[in-house]
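Chemist: Listed here are the chains, written in short residue letters.
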Amino acid sequence: MSIEQENHHPGDSRFFSKSGPYTIETLVKETGAQLNSPDVLTKDIQYTGIAPLQIASSSEVSFLDNKRYLPLLAQTKAGVVIVAPAFADKVPQTSHALVTSNPYLAWARVATLFYPKTPAKPGVHPTAYIHPDAVIHPSVEVQAFAVVMNGVHINKECIIGAHSVIEQGVQIGQYCRIGNHVSLSHAVLGDRVTLYSGARIGQDGFGFAIGEQGFVSIPQIGKVILKNDVEVGANSTIDRGSVKDTIIGEGSRLDNLVQIGHNVEMGRCCIVVSQAGISGSTQLGDFVTIAAQAGLIGHIHIGDHARVGAQCGVMSDVEAKSDVIGSPAMPFKEFFKNVAFLRRMAKSSKGKEDSQK
Amino acid sequence: MSIEQENHHPGDSRFFSKSGPYTIETLVKETGAQLNSPDVLTKDIQYTGIAPLQIASSSEVSFLDNKRYLPLLAQTKAGVVIVAPAFADKVPQTSHALVTSNPYLAWARVATLFYPKTPAKPGVHPTAYIHPDAVIHPSVEVQAFAVVMNGVHINKECIIGAHSVIEQGVQIGQYCRIGNHVSLSHAVLGDRVTLYSGARIGQDGFGFAIGEQGFVSIPQIGKVILKNDVEVGANSTIDRGSVKDTIIGEGSRLDNLVQIGHNVEMGRCCIVVSQAGISGSTQLGDFVTIAAQAGLIGHIHIGDHARVGAQCGVMSDVEAKSDVIGSPAMPFKEFFKNVAFLRRMAKSSKGKEDSQK
Amino acid sequence: MSIEQENHHPGDSRFFSKSGPYTIETLVKETGAQLNSPDVLTKDIQYTGIAPLQIASSSEVSFLDNKRYLPLLAQTKAGVVIVAPAFADKVPQTSHALVTSNPYLAWARVATLFYPKTPAKPGVHPTAYIHPDAVIHPSVEVQAFAVVMNGVHINKECIIGAHSVIEQGVQIGQYCRIGNHVSLSHAVLGDRVTLYSGARIGQDGFGFAIGEQGFVSIPQIGKVILKNDVEVGANSTIDRGSVKDTIIGEGSRLDNLVQIGHNVEMGRCCIVVSQAGISGSTQLGDFVTIAAQAGLIGHIHIGDHARVGAQCGVMSDVEAKSDVIGSPAMPFKEFFKNVAFLRRMAKSSKGKEDSQK
Chain R
3 MSIEQENHHP
13 GDSRFFSKSG
23 PYTIETLVKE
33 TGAQLNSPDV
43 LTKDIQYTGI
53 APLQIASSSE
63 VSFLDNKRYL
73 PLLAQTKAGV
83 VIVAPAFADK
93 VPQTSHALVT
103 SNPYLAWARV
113 ATLFYPKTPA
123 KPGVHPTAYI
133 HPDAVIHPSV
143 EVQAFAVVMN
153 GVHINKECII
163 GAHSVIEQGV
173 QIGQYCRIGN
183 HVSLSHAVLG
193 DRVTLYSGAR
203 IGQDGFGFAI
213 GEQGFVSIPQ
223 IGKVILKNDV
233 EVGANSTIDR
243 GSVKDTIIGE
253 GSRLDNLVQI
263 GHNVEMGRCC
273 IVVSQAGISG
283 STQLGDFVTI
293 AAQAGLIGHI
303 HIGDHARVGA
313 QCGVMSDVEA
323 KSDVIGSPAM
333 PFKEFFKNVA
343 FLRRMAKSSK
353 GKEDSQK
Chain G
3 MSIEQENHHP
13 GDSRFFSKSG
23 PYTIETLVKE
33 TGAQLNSPDV
43 LTKDIQYTGI
53 APLQIASSSE
63 VSFLDNKRYL
73 PLLAQTKAGV
83 VIVAPAFADK
93 VPQTSHALVT
103 SNPYLAWARV
113 ATLFYPKTPA
123 KPGVHPTAYI
133 HPDAVIHPSV
143 EVQAFAVVMN
153 GVHINKECII
163 GAHSVIEQGV
173 QIGQYCRIGN
183 HVSLSHAVLG
193 DRVTLYSGAR
203 IGQDGFGFAI
213 GEQGFVSIPQ
223 IGKVILKNDV
233 EVGANSTIDR
243 GSVKDTIIGE
253 GSRLDNLVQI
263 GHNVEMGRCC
273 IVVSQAGISG
283 STQLGDFVTI
293 AAQAGLIGHI
303 HIGDHARVGA
313 QCGVMSDVEA
323 KSDVIGSPAM
333 PFKEFFKNVA
343 FLRRMAKSSK
353 GKEDSQK
Chain B
3 MSIEQENHHP
13 GDSRFFSKSG
23 PYTIETLVKE
33 TGAQLNSPDV
43 LTKDIQYTGI
53 APLQIASSSE
63 VSFLDNKRYL
73 PLLAQTKAGV
83 VIVAPAFADK
93 VPQTSHALVT
103 SNPYLAWARV
113 ATLFYPKTPA
123 KPGVHPTAYI
133 HPDAVIHPSV
143 EVQAFAVVMN
153 GVHINKECII
163 GAHSVIEQGV
173 QIGQYCRIGN
183 HVSLSHAVLG
193 DRVTLYSGAR
203 IGQDGFGFAI
213 GEQGFVSIPQ
223 IGKVILKNDV
233 EVGANSTIDR
243 GSVKDTIIGE
253 GSRLDNLVQI
263 GHNVEMGRCC
273 IVVSQAGISG
283 STQLGDFVTI
293 AAQAGLIGHI
303 HIGDHARVGA
313 QCGVMSDVEA
323 KSDVIGSPAM
333 PFKEFFKNVA
343 FLRRMAKSSK
353 GKEDSQK
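Protein chains in written order, with this note's numbering: chain R, 3 to 359; chain G, 3 to 359; chain B, 3 to 359.
Simulated from the structure, these hints should not be mistaken for lab results.
These numbers were taken from a predicted model, which means no experiment stands behind them.
A few of these clues could be false.
Copies of the same chain are indistinguishable here, so a pair counts whether it falls within one copy or spans any two.
Stated by the list, open to error - Here are the simulated lysine to any residue pairs, SDA-like style, with alpha carbons at most 25 Å apart:
1. 349 - 325
2. 45 - 16
3. 335 - 103
4. 119 - 72
5. 69 - 299
6. 349 - 319
7. 119 - 153
8. 31 - 211
9. 45 - 348
10. 20 - 76
Assemble the whole structure, with the sequences as input and the hints as a guide.
Modeler: This is the structure:
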């Protein structure tokens with residue numbers, strides 16, 4: 003088959019196994035959404051899967067998450083559509099509407115119903131290397147060529163991906179998922195921590211003094227603490243602390259290619275989007291968002307619920323609940339005002355120059 | 003031998019094996035270039051290799067690709083030099099000139115003549131783990147400790163690098179080259195696809211809803227499609243689609259440490275330079291160039307042949323054939339005008355302040 | 003034990019083994035610092051370890067490196083504190099002060115005394131794959147599942163981390179430390195080179211010509227030279243040269259997720275902080291600092307001791323000893339003057355608009 007003929011329907015059976023089918027009652031119960039059913043539609047159908055608006059069939063569930071895609075809603079053939087109240091009356095008469103103030107959350111619930119997480123398959127792959135002084139719960143799945151060193155504890159129902167290396171003394175809670183090719187050292191993980199492929203956790207921080215003969219490394223003797231429900235994206239790097247610990251707070255999520263310097267402390271439910279970097283000893287409160295490619299210098303404090311925009315360069319403390327962007331960082335409003343002002347002035351300056359010729 | 007005594011001649015025999023020698027006729031035929039031969043030079047020489055202008059010998063071929071290096075051309079001892087017509091008369095009388103409107107392409111052809119790609123050495127390394135339900139063409143080379151899971155198909159003359167993990171169901175076309183330490187899941191690859199070491203293809207996108215208790219992951223049930231002749235650089239990351247597919251178009255090339263979010267669709271022959279990032283659901287046309295460290299937000303469209311400058315922050319659609327730079331993105335001309343205006347104004351403002359003291 | 007009860011004292015015995023104890027005389031001798039001892043304190047105590055100011059006990063050594071943390075000095079219970087002369091009189095009467103003009107260097111010496119580098123444990127792990135034509139000194143430690151190919155030479159007391167792949171012909175000096183999951187090809191390493199986990203060294207540079215049918219790869223036939231004492235951070239990428247070599251000078255240190263393009267040449271003791279990128283053929287002098295997320299275009303020259311600020315976009319040569327920041331790069335002073343000017347002007351412009359309403 004040519005690659006141009008690939009079917010783009012989600013849930014490709016080569017990669018995913020599906021649960022279900024489910025009735026509309028189950029979907030209502032799972033989501034807590036309100037059901038708006040056109041009179042012409044029966045509620046007896048068994049829904050078999052999920053799909054985006056433009057390709058969903060009458061036995062599939064879809065959703066609207068972005069008003070950009072409203073034109074697709076008008077034309078959808080989906081049997082069920084999850085929407086916010088504002089768009090409930092835009093759902094066509096051929097679809098049941100599941101109306102909820104948090105459609106994305108409802109979608110997460112329905113999608114998980116059809117595509118639940120694959121549980122750990124207990125057992126150690128015969129090619130893995132397990133040090134005799136490692137303690138691994140019998141329900142844990144250890145995949146091919148994984149390495150688990152002495153003093154490691156792995157709690158129940160974890161998955162240790164192929165080719166991952168868990169170094170001496172690392173502690174891993176329950177239900178953690180370590181992807182492929184992960185390097186994990188000098189670290190303590192809570193429960194349900196997920197590390198994606200190629201994450202590097204616990205290596206030496208970038209710490210050195212300037213000596214007579216060149217740089218002199220400073221032993222980095224802290225560790226990394228990843229609290230419950232933390233997720234770390236593919237190829238992201240988290241250095242261990244120098245004399246303190248690097249701490250990622252409960253439920254925080256880091257995207258791919260993120261850099262976290264030594265001694266960083268992050269609160270609960272922070273979001274760090276791809277290619278952002280946080281320098282050493284900087285502290286984040288709870289619910290802080292750091293957008294893509296933003297950079298924070300070291301030794302500063304970001305308050306709870308602050309939002310740092312994409313590509314922002316943060317050189318000083320950021321107050322709680324404030325939104326900053328630009329390099330150097332400034333309030334959102336100021337940034338866009340400056341941009342508009344500069345554009346206007348440069349244009350009128352150009353006009354003057356032209357008229358003076 | 004001290005590292006300071008390392009020879010910097012290209013094609014070090016510890017790492018490369020060379021073909022040839024070749025006559026000037028072969029070089030002319032291979033490149034389609036026009037030969038300008040000084041009367042004093044014989045055409046009988048066998049050329050043995052390639053080298054940069056400053057170190058090439060009379061039996062080697064060189065080229066000029068950047069006028070910055072014109073002073074080196076004047077002094078070169080290369081037997082043959084590939085140049086654009088504009089510089090043909092700058093080639094010294096001791097060199098044959100191969101004159102062509104695309105010297106870099108001619109150089110590619112000559113370099114490939116001397117240093118052809120190493121073909122796959124058929125066979126599976128005894129340390130590799132191949133699932134019994136994988137289908138691998140007998141001409142494929144599988145290197146040490148590679149893992150190939152169930153349902154994988156690998157077509158003819160591919161190379162699967164040491165320590166790479168090919169997860170369940172992945173489809174790989176002909177003549178693909180998967181580097182070392184690659185993680186490849188939920189993906190379909192065309193022919194002649196090249197993935198460099200540490201590339202992470204097919205992991206979950208950064209998708210979650212905000213629930214009462216923290217973030218709730220949304221199952222990511224799309225895949226990654228890498229069409230014919232795609233190349234992905236070292237340690238780059240491409241997330242699989244959420245309910246659609248992430249698609250990289252034919253011939254597109256991604257450099258190192260690039261991030262591609264879920265559902266991104268890229269057309270033919272796009273270039274994404276190192277450390278650039280493209281957020282979820284953004285679409286690129288054909289022949290788009292994204293320079294180094296640029297960032298694109300999600301859900302926007304970049305037209306054919308558009309060029310996005312280095313470190314550019316793109317927050318809205320970009321028209322076909324336009325050039326943008328800056329953060330936020332603006333036309334090249336406007337950006338540099340703004341920069342010059344601000345510099346001028348800030349300087350004169352400083353002058354005023356000083357004169358008022 | 004709950005993860006919330008984790009002890010944050012440095013030097014956790016699950017991960018680190020400690021030397022000592024040491025007397026104050028040993029600390030003085032090791033650091034060359036001047037001892038200021040309050041009369042009330044005995045010099046007979048054996049110091050058992052190191053810790054930050056806020057948690058150090060009377061048998062531990064601490065230090066002050068950043069005046070931000072002066073309040074912690076006033077309250078410390080540390081038995082010994084390393085400080086600069088300016089803060090010597092701020093050390094409480096319950097602590098010996100070790101006074102030196104370079105406290106961070108003294109700290110490095112003391113920390114290394116308590117936590118010396120673990121030496122190589124000679125031997126090849128039974129799961130590693132060593133090609134019969136590799137030459138490995140008997141004092142070298144090769145960890146689990148490492149791959150060492152033909153023509154490789156590894157000199158004495160190196161450590162080759164688990165899952166690393168050392169490709170054909172690579173030369174490695176003495177006392178090098180290759181982390182886990184490193185890909186190393188087409189490279190020559192001096193002595194005491196350190197590569198952190200997931201570093202990708204020696205892959206093809208991003209070089210291709212534009213042909214009629216799409217892009218045409220140019221064989222990359224240079225190598226990578228990492229001179230003595232170079233360090234490369236986790237998941238960083240260094241492409242090999244095209245027709246020259248990519249060279250990292252003696253003692254230079256690269257942080258995590260750094261990109262180095264083909265043919266880059268870097269002098270001695272340069273610093274490249276995380277997520278910075280240097281494009282092809284750019285040259286750095288000695289003692290150059292490139293801060294986090296900065297980007298340099300190709301074919302430019304950065305003079306000795308120049309400093310490039312965080313997120314800086316460098317599009318042209320930078321003179322020796324100069325400091326630049328901004329995108330495009332400009333002198334530090336000009337950048338911050340421009341920022342202040344724009345802020346002031348945009349504000350007053352806003353004022354005018356408001357008063358005209």
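Chemist: Have a look at residue 335 and residue 103 and pick one of within, between, both or neither, based on CA distance no larger than 25 Å.
Modeler: neither (28 Å within a copy, 45 Å between copies)
Chemist: Treating 25 Å as the Cα threshold, decide for residue 119 and residue 72: within, between, both or neither.
Modeler: Neither, since 30 Å and 50 Å both go past 25 Å.
Chemist: Go through the copies and call it for residue 69 and residue 299: within, between, both or neither, with a Cα cutoff of 25 Å.
Modeler: Classified as between; 16 Å across copies, 36 Å inside a copy.
Chemist: Classify it for me, residue 349 with residue 325: is the Cα-Cα distance of at most 25 Å met within a copy, between copies, both or neither?
Modeler: between (29 Å within a copy, 18 Å between copies)
Chemist: Go through the copies and call it for residue 119 and residue 153: within, between, both or neither, with a Cα cutoff of 25 Å.
Modeler: Intra 29 Å, inter 20 Å, cutoff 25 Å: inter-copy only.
Chemist: First find the shortest C-alpha distance between residue 45 and residue 348 inside one copy, then the shortest across copies, and answer within, between, both or neither for a cut-off of 25 Å.
Modeler: neither (62 Å within a copy, 59 Å between copies)
Chemist: Measure nothing new, just compare the shortest in-copy and cross-copy C-alpha distances for residue 349 and residue 319 to 25 Å and report within, between, both or neither.
Modeler: between (34 Å within a copy, 22 Å between copies)
Chemist: Could you figure out if residue 20 and residue 76 sit no more than 25 Å apart (CA to CA) within one copy, between two copies, both or neither?
Modeler: neither (28 Å within a copy, 62 Å between copies)
Chemist: Could you figure out if residue 31 and residue 211 sit no more than 25 Å apart (CA to CA) within one copy, between two copies, both or neither?
Modeler: Between. Shortest inter-copy distance 18 Å satisfies the 25 Å Cα cut-off; intra-copy 60 Å does not.
Chemist: Indicate which option fits the pair residue 45, residue 16 if close means a Cα-Cα distance not exceeding 25 Å: within, between, both or neither.
Modeler: For residue 45 and residue 16, the Cα distance exceeds 25 Å both inside one copy (31 Å) and across copies (58 Å).
The structure fails hints 2, 3, 4, 9, 10 (numbered hints given earlier, in ascending order).
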